[in-house]
Amino acid sequence: MNITEKILARASGQKSVKPGDIVEARVDVALFHEKAGPGFFENFEKLGREIWDKNKVVVVADHAVPPSNIYSANCILETRNFVLRHRLPHFYLGKGICHQIMAEEGFVKPGLVIVGADSHTVTQGAFGAFATAVGSTEMAWILAKGSLWFRVPEAIRIKVEGSLSEMVFGKDIIVKIFGILGIDGATYKTLEFMGSTIDELSIDGRMTMCNMVVDAGAKNGIIGPDQRTCEYLQYRADAFGETVQSDSDADYARTIDLNVAQMEPQVACPHSMDNVKNVREIQDIKIDQAFIGTCTGGRLEDLRAASRLFRKHRVHPEVMLVITPASNKIYQRALDEGLIQTLIQAGAMVTNSNCGACGGGGMGVLGENEVCISTASRNTRGRMGHVSGQIYLASAATVAASAIKGKVTDPREMI
Amino acid sequence: MKKRFQGRVWKFGDHIDTDVITPGKYENLPLEELCRHCLEPIKAAFAHTLKDNDVLVAGVNFGCGSAREIAPRALKKLKIGAVVAKSFSRTFFRNAIAIGLPVLISPQAFEACHEGDRVMIDLAHSRLKNMTTKKAVPVDPIPKDIYGILLSGGLFASLRKKRRLKPKARSRSAAVPMGTQSKRIQRQGGRG
Numbered sequence: 001m002n003i004t005e006k007i008l009a010r011a012s013g014q015k016s017v018k019p020g021d022i023v024e025a026r027v028d029v030a031l032f033h034e035k036a037g038p039g040f041f042e043n044f045e046k047l048g049r050e051i052w053d054k055n056k057v058v059v060v061a062d063h064a065v066p067p068s069n070i071y072s073a074n075c076i077l078e079t080r081n082f083v084l085r086h087r088l089p090h091f092y093l094g095k096g097i098c099h100q101i102m103a104e105e106g107f108v109k110p111g112l113v114i115v116g117a118d119s120h121t122v123t124q125g126a127f128g129a130f131a132t133a134v135g136s137t138e139m140a141w142i143l144a145k146g147s148l149w150f151r152v153p154e155a156i157r158i159k160v161e162g163s164l165s166e167m168v169f170g171k172d173i174i175v176k177i178f179g180i181l182g183i184d185g186a187t188y189k190t191l192e193f194m195g196s197t198i199d200e201l202s203i204d205g206r207m208t209m210c211n212m213v214v215d216a217g218a219k220n221g222i223i224g225p226d227q228r229t230c231e232y233l234q235y236r237a238d239a240f241g242e243t244v245q246s247d248s249d250a251d252y253a254r255t256i257d258l259n260v261a262q263m264e265p266q267v268a269c270p271h272s273m274d275n276v277k278n279v280r281e282i283q284d285i286k287i288d289q290a291f292i293g294t295c296t297g298g299r300l301e302d303l304r305a306a307s308r309l310f311r312k313h314r315v316h317p318e319v320m321l322v323i324t325p326a327s328n329k330i331y332q333r334a335l336d337e338g339l340i341q342t343l344i345q346a347g348a349m350v351t352n353s354n355c356g357a358c359g360g361g362g363m364g365v366l367g368e369n370e371v372c373i374s375t376a377s378r379n380t381r382g383r384m385g386h387v388s389g390q391i392y393l394a395s396a397a398t399v400a401a402s403a404i405k406g407k408v409t410d411p412r413e414m415i
Numbered sequence: 001m002k003k004r005f006q007g008r009v010w011k012f013g014d015h016i017d018t019d020v021i022t023p024g025k026y027e028n029l030p031l032e033e034l035c036r037h038c039l040e041p042i043k044a045a046f047a048h049t050l051k052d053n054d055v056l057v058a059g060v061n062f063g064c065g066s067a068r069e070i071a072p073r074a075l076k077k078l079k080i081g082a083v084v085a086k087s088f089s090r091t092f093f094r095n096a097i098a099i100g101l102p103v104l105i106s107p108q109a110f111e112a113c114h115e116g117d118r119v120m121i122d123l124a125h126s127r128l129k130n131m132t133t134k135k136a137v138p139v140d141p142i143p144k145d146i147y148g149i150l151l152s153g154g155l156f157a158s159l160r161k162k163r164r165l166k167p168k169a170r171s172r173s174a175a176v177p178m179g180t181q182s183k184r185i186q187r188q189g190g191r192g
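From first to last, the protein sequence lines stand for chains A and B.
Going by my numbering, the first sequence opens with residue 1, and the numbers climb by one from there.
Going by my numbering, the second sequence opens with residue 1, and the numbers climb by one from there.
Honestly, the hints are just simulated from the structure, not real lab data.
Keep in mind the model is a prediction, meaning the values are calculated, not measured.
Treat the hints with care, since some could be wrong.
For the chain A half of the interface with chain B, some residues (derived, Cβ under 10 Å), not all of them [unchecked claim]:
(1) Leu47
(2) Ala64
(3) Tyr71
(4) Ser72
(5) His90
(6) Phe91
(7) Ala140
(8) Ala144
(9) Ile180
(10) Ile183
(11) Gly217
(12) Tyr252
(13) Gln332
Built from N, CA and C at the ideal position, the CB exists for glycine as well.
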């Protein structure tokens, strides 16, 4: 069996499972945020049930914090009231994006089943957990029962080999993979990443890769835990879940071999994540806005890459650069390392940690025909504001280099 | 949910995502108003000229993007009869069933139906007929359990019916009362 099958077998009390099986799996951690919770509070409370295990529920207010309109304010208010009514111990308000908090606060461990009412819950696959998303109604079901049905997914194995060039990151690998798979190339399936490049990849890079799998339609993305995973979690987690690895004879519906040794920085162009180009093919595209942030690309590695370029350069006078660290912990580390100082002095705006401009609900909305280059995960029409807005997705280094030049730029030229 | 109904066809292409179904810039509107902007980026008049039981016929990967339940909820609010697509994103498919919006998989419907055609859908027997061309169009059978959830009007309604979760006494630790302000947000369904 592969890792995902092993986790689902264990969670459903079976010796083995195979793709296509429907299993009722025990949920180890349930996650929801302030824009998903209010959708089920009333229905959940009508059931008159207690929450199955309060210690296993993580609630985060992150989408529009602090709120800029009454709707968003009410969402936070209702979420906070629900947390108080049910005395939920794990509530984070304005501390950062839920998927970053899950990792930083030690809620993720290899082998766990993590279900969240947010599509990017798949981020936790970076630690060898089975992590997937549901909607509000199914989240309420989980809060009542502590389990949910799943179809055991077919697996696609993606083997990545070769050392990444300087200024090429996990983000570039996953965007490259989108170009190969297409945005429905992994629908209902699991993407399992392995190979020497993944072994060498930072936890930040692994999180970025697993974070984006949902946008290829995948149920989950997963990376077998290793020494690096353990080091990261030991620092923050008090105990480990059961560590699992795929068997050497595990079945895969498809295998993709990718050599990234010569790979250029990659950019996903409007209006689809699989419209992928090498950065050098589109270097004349002028940009109005640049955005470094989100659960995909607002981590310490991203801020470090950006500020490395801004030590020598300034933001182009016609470009608005918005930087939103993915969590307060990242923000603090970036302050300690002097990164924030560098970024602000170079002309960037640094906002507090939240989902920010990504979904068009926070600050950094695009106007008519505005062009934005972003570290986020989605570039669909109207995602960040006006439907004529155009979104290019790239690594933080490429976004920073583009913000300096005022047009899409290869970051390798700027170092 | 109606077991059998007729409606007009509205065609949409491949990869219709949740940001197009329910554009983020309207997220602070109540559901009744938000649903009037459904699919606006590609068919501005859609929600204004729609009639009850009209049917969406789409290509592959319908509902990709966010796991937000607001997208199927808005379509249900518009009284869409069903969404028929070559394939669905996993999250949209599950959410639609969970809230009682019929979703049918049919590899042939996109080619067999044209914009404005009249179709008859019989959910009880997983049948689709194009009344304009007088041709039956094959659809994948709806599994029995899923049909049961749809027929009840969604997961919660089916729960109450099956009584798999017997209501216990309400928690006495209710320190904060449910505000009346909250009802609107809850009905609206939130976003994921």
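Quick rundown of the hints versus the structure:
no.	hint	result
1	Leu47	holds, 6 Å
2	Ala64	holds, 9 Å
3	Tyr71	holds, 3 Å
4	Ser72	holds, 7 Å
5	His90	violated, 17 Å
6	Phe91	violated, 13 Å
7	Ala140	holds, 7 Å
8	Ala144	holds, 6 Å
9	Ile180	violated, 16 Å
10	Ile183	holds, 6 Å
11	Gly217	holds, 6 Å
12	Tyr252	violated, 19 Å
13	Gln332	violated, 28 Å
Hint compliance for this structure: hints 5, 6, 9, 12 and 13 are broken, all remaining hints hold.
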